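Fit chains Y and F to the given chain B structure using the hints.
So the chains spell out like this:
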Amino acid sequence: MRYFKLPDLGEGLQEAEIVEWHIKAGDTVAEDQVILSVETAKAIVDVPSPCAGKILTLFGDAGDQVHVGEPLLEYADAQDDDSGTVVGKVKTGSREVETEDFIIGSPEQNVSVQAGSRNSDRILATPLIKALAKRLDVDLTQVAGSGTHGLITADDVEKAAQVRDDFGTAHTLKGVRRVMAKNMARAHSEVVGVTLYDDVDIHAWKKGEDPTMRLVRAIGVACKEAPQLNAWFDGNNLSLRLIERVDLGIAVDTPDGLFVPVLRDISGRSVKDLRKGLDNLREAVKSRKIPPQEMSGATITLSNFGTIAGRYANPVIVPPTVAILGAGRMRDEVVAVDGKPLVHRMLPLSLTFDHRAASGGEAARFLAIVMRDLAQT
Amino acid sequence: MTVESATRSVSRPGKKPSDSKATKDAEATKRDNVHVVTMVEAVNLALRRALNDDPDVVVLGEDIGINGGVFRATLGLRETFGYKRVIDTPLAEALIAGISVGMASQGMRPVAEIQFMGFINSTVEQMLSHAGRLRNRTRGRLSCPMVLRAPFGGGIHAPEHHSESTEAMFAHMPGLRVVIPSSPTRAYGLLLSAIQDPDPVVFLEPKRIYRMVRQQITDDGQGLPLDTCFTLRQGKDLTLVSWGAMIHETLLAAKELEQQGVDAEVIDVATISPLDMDTIRRSVEKTGRCVVIQEAPRSFGVGSEISARIAEEALLYLRAPVQRVTGYDTPMPYPQNESLYMPSTRDIVEAARVTLDNA
Amino acid sequence: MFDDLDQAPGKLGFIDARGKSVRTLPDDIDVAWLQKSYQHMVRIRQLDKKAVALQRTGQMHTYPSCLGQEAIGTGIGMAMQNEDVLVPYYRDQATQAIRGVRLEQILQVWGGDERGNLFEGVAARDFPNSVPIGTQMSHAAGIAAAMKSRGIRQAVVANCGDGATSRGDVYEALNLVGVWQLPMVAVVNNNQWAISVPRSLQTATRTLAEKALAVGIEGVQVDGNDVVAVYQAVRSALARARCGKGGTLIEAVSYRLSDHTTADDATRYREASEVNKAWDFDPVKRLQTYMHDLGQWTPAQEQALLVAVKQEVDAAVTAYLKTPPQAADDFMAYVFANMTPPLLAQREHLLARLERDNAAQGGKHHDS
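Protein sequence lines, in the order shown, are assigned to chains B, Y and F. Counting from 1, position 233 in the first sequence corresponds to residue 457 in the numbering used here; the numbering is continuous, with no gaps. Counting from 1, position 204 in the second sequence corresponds to residue 191 in the numbering used here; the numbering is continuous, with no gaps. Counting from 1, position 243 in the third sequence corresponds to residue 226 in the numbering used here; the numbering is continuous, with no gaps.
Isolated chain B, as found in the complex (with noise of 0.2 Å):
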């Protein structure tokens, strides 16, 4: 043995105080002699000498802290019984404190606990379930659970995987698409939105007349004129902002999905202004360059779905605006004209509004106005 190290007196005792040592360096010592007297947290007790031998250093003074496992002395002409400890002046015994942080309960304690309702993208599954899902290959995250909260059931993932072997998989929507599914769901679950629906006699018009333009200037001077519309409604709070700048939001169709650009305060610019406005949001829309607030904040909405095909529609009000006008296939038809059958140029509109936030009057007046206005030369 060449270094006697401390070692525990108690029981989990970590550490000792030398309270005197009984030899000094250069001591020759017999087995089991009395060398020295330490204090731990329980005892004084008498540390005999585990071998017979002369003293080459004590390490330590009376007073001096030692941990369990530190030297306390080195033996002369003792092999080395120990690899790998590096031996050096027992440093006074540490008393450092430890830091100490924790929480009482959980982190989370204040959320409201709901079996899946937290984590919408957690799969509610047992591992059957899971391993079955597996086994047919079907997709968990596609499945919509019948159990308890939503739970997966056996039942949903054979019929998942019925489904798809007898009409193939389905590819969950990305993107815009993903955006339109969700905004229109919301939509629907939300709006209490009725329509309107009239015909328009637009044989007034020049030729070469720019419709969208005429349907911009005619919302602009309906918002004016009735402001009831040009408003955003909170459902929650149950509170109608009216607004006075008109920023029109509208449609576009490509095909990745439905885009609604904003056009902003179409009741105070020149008609050429807004229609290169108009045309910079198509072409931006087009090449995917369009920046996101371009497409937030409209007060009202038009859909020009005629451009393709449709004579009426239902179109749907995203909150928080609280309208959108639809615009149909514009036709001739036989009218009345002081009482004759004339063919004239007829255009279909279809006015949803919410009628959380405005009346069916106050929508029906909107209407006139722009069927007025639109009616002009």
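By construction, these hints were calculated from the structure, which means they are not laboratory data. Since this is a predicted model, take the numbers as computed values, not measurements. Think of the CB as a built atom: it goes at the ideal place given N, C-alpha and C, for glycine as much as any other residue. Certain hints may be false.
What the hints assert, rightly or not - Straight-line Cα separation of at most 20 Å, EDC-like style, residue types lysine to aspartate or glutamate; simulated pairs:
1. LYS354/B <-> GLU299/Y
2. LYS358/B <-> GLU299/Y
3. LYS32/F <-> ASP232/B
4. LYS229/B <-> ASP256/B
5. LYS228/F <-> GLU193/F
As the list claims (entries may be wrong) - To give an idea of the chain Y side of the interface with chain B (calculated C-beta under 7 Å), a few residues:
6. ARG59
7. ARG201
8. GLN221
9. ARG269
Chains Y and F only, in chain B's frame:
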């Protein structure tokens, strides 16, 4: 349910440069009731505080008086509060528990010490048949606000019967609280709350960490809540649940996992019974993985209960089966083979890897 | 503070503290007996001293010294027959060694190795020493009941300390010895201290021996520092027990000259003057004086004995320290007669874990 969420931090004072300076510091801090203490000293502080603040508190047990307890948990109490309140009993554990029931029934607050948990077994009849039932069988006419303290657990090379972890036995007894601190701060706060609790509390002190760390404690008589887990470390990948001395290895494992890029949450159960399942469930719902670490034998323990509750209440959130790191279903070996029995930090890390590699 | 160690009327004694004979020695005590007893006491004292040193130097774990108790253990051991059964507590090293427990086995037990309890020969049916206080007394009563039931004319010796007499277990066992007339001799080593609690705080009775009255058995108080007195009391009690005359409670009054265990510090709770006074009653010294005065023990014999005893104890220490470790799974192998499926699975776990740790630590022993 909402439980008030709070954090306590313990700051790190500078190292003390010299003994004389250290003494002065100690004196200065004592004036402000701030003490830097080990866990066993924290127990002593709490007992002292309770004896000081409540004349109904008495401390009793074997060798707790002049000797200050075999682990020195009651050091100096008899000198301050006298032999009538710090009572050396005859050597009879069943008696110690029994007279505590009697004293408590009359409104006193006995805090009894059983010298080692290995010797707690003869108290079982008193605790199971009486302490835990007195309120119920008298329909509230009598109650039993006693605390039965005992150092427990292995790893200190103590002789046979000195190293057991039989907390599950008491957790299985209706009407008893079982509380286990894992730091000086929690030892102080939980023991005070245990003493103030209107019902019997078995307060088990993990003696392996009695003197392992020092923390700064303000001796202000403030308890910490019972029936509540403590989240010692927040993480998102994995929940490590433990109590008592194994918290030490559990925190080391969390550090090691951090180096592997795994963010582990560490929960100290603290009150074994009744179990605060809300905290554990919330964490498991967040992480989807759980390892329960106990020093006690593997079968029929607190870890089994926690695993069962997770299976019942949070199965759908699990990404991998719950793992348990435990002792074995054997008597605690004599000291030479004690380390074979004890769960290690590496065992915890490995079990964590099993849950991580599974999903 | 402590019970009077002096011999007095009512307390059996033959050789007093000064080594003087106060009563004629029993017929079966001859010089050879005295020398044998003395040698054994010296041997146990050397073992005890070495065991404390081993603990103090980190080579053994907590150890309960039997310093000052050598006469009790030796007297019991000398009185017992091979077929009797010993149910010891943890200060019965001297008796166990006479019963054939090897000295290194005693060290093994306190060094944390269950193989120290693997007794052979005479001790093969003896119990290992009981650590939970007083619980062994009912085992002894059960062994005695088994002997009686089988018609075996042998007896049990069960030992405990003064503190144990406060426990219900001890009373329950003694009560049964009385009512069933069991062949059991209970020896209470009244060494005055149950860790820090003195005998006077354990019981209000004047003696511990008188507790026999409450259960209807013989009660005897002997000078526990007088090996002859202990021997004589145990021998006659065993003789009565073996022939069906019932049990005896023997209070052997001694003094714990050591700490309770190596984890204890008795200076915290008892005066040095008290311990110094108790050394005047040292059981070893008085026997040496007595034999010397008889002309039956010379300094040369003493010197030779010390050398021999040191060699024997050193050999035991070497054997203890050189004992190869147990197989890692030994602690699982003896839980049941046959390993159960859970234990078999846990053994697989243990072995895999050790392999893992050995690989990680380059073959170092597993540690947590």
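A quick look at each hint next to the structure:
1. The hinted pair formed by LYS354/B and GLU299/Y meets the criterion: a straight-line CA distance of about 18 Å does not exceed 20 Å.
2. Among the hinted pairs, LYS358/B with GLU299/Y is inconsistent with the structure: their alpha-carbon atoms are about 24 Å apart, more than 20 Å.
3. About 18 Å separates the Cα atoms of LYS32/F and ASP232/B, which keeps this hinted pair within 20 Å; it holds.
4. For the hint pairing LYS229/B with ASP256/B, the CA-to-CA distance comes to about 15 Å; that is within 20 Å, so the pair holds.
5. Among the hinted pairs, LYS228/F with GLU193/F is consistent with the structure: their alpha-carbon atoms are about 19 Å apart, no more than 20 Å.
6. Hint on ARG59/Y holds. Least Cβ distance to chain B is approximately 6 Å, under the 7 Å limit.
7. Interface restraint check: ARG201/Y against chain B, minimum CB-CB distance 5 Å, threshold 7 Å, status holds.
8. Hint status for GLN221/Y: holds, given a least beta-carbon distance of 5 Å to chain B, under 7 Å.
9. The restraint placing ARG269/Y at the interface with chain B holds, with a minimum CB-CB distance near 5 Å, inside the 7 Å limit.
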